[in-house]
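K.L.:
Sequence:
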Amino acid sequence: MDLRTTLSVNESFMEMLTDCKNRGAKAEMILDINGLERAEGIIKQIYPNDPNPYIELQDGRTIVEKTIIALNGLFRPEYSGC
Numbered sequence: 008m009d010l011r012t013t014l015s016v017n018e019s020f021m022e023m024l025t026d027c028k029n030r031g032a033k034a035e036m037i038l039d040i041n042g043l044e045r046a047e048g049i050i051k052q053i054y055p056n057d058p059n060p061y062i063e064l065q066d067g068r069t070i071v072e073k074t075i076i077a078l079n080g081l082f083r084p085e086y087s088g089c
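Note that the sequence shown covers residues 8 to 89 in my numbering.
In short, the hints are calculated from the structure, not lab data.
Hints are supplied without guarantee of correctness; some may be wrong.
Stated by the list, open to error - The list that follows gives simulated cross-link-like pairs (lysine-lysine, DSSO-like), each with its CA atoms no further than 27 Å apart:
1) K28 with K51
2) K28 with K73
3) K33 with K73
4) K51 with K33
5) K51 with K73
Given the sequences, and given the hints that come with them, work out the whole structure.
P.N.:
Have a look at this one:
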């Protein structure tokens, strides 16, 4: 069985996203938006207080936090055995 490192239940990626932004590090993500897709880039801005918290990458793309299923190798718990 394939095992993955996961977030704790009810934990979000916001702390990791903030760390990536503060360090200027690339965020490599797998998103679930009507199917799985990859996204990566440097985070320009984080909007944590929006009703649907999201990030904006330097290329202008916006990504809603709850669509991120993996960030830099760390998965949401519900995707641990995919």
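K.L.:
Each hint needs a verdict: does it hold in this structure or not?
P.N.:
Hints versus structure:
1. For the given pair, K28 sits about 7 Å from K51 by alpha-carbon distance, which is consistent with the 27 Å threshold.
2. Between K28 and K73 the CA atoms are separated by roughly 18 Å; this keeps the pair inside 27 Å, and the hint holds.
3. Taking the CA atoms of K33 and K73, the gap is about 19 Å. The hint holds against a cut of 27 Å.
4. Of the pairs offered as hints, the one joining K51 and K33 holds, with about 11 Å between alpha carbons and a cut-off of 27 Å not exceeded.
5. Note on K51 and K73: the hinted pairing holds, with a Cα-Cα distance of about 18 Å set against a maximum of 27 Å.
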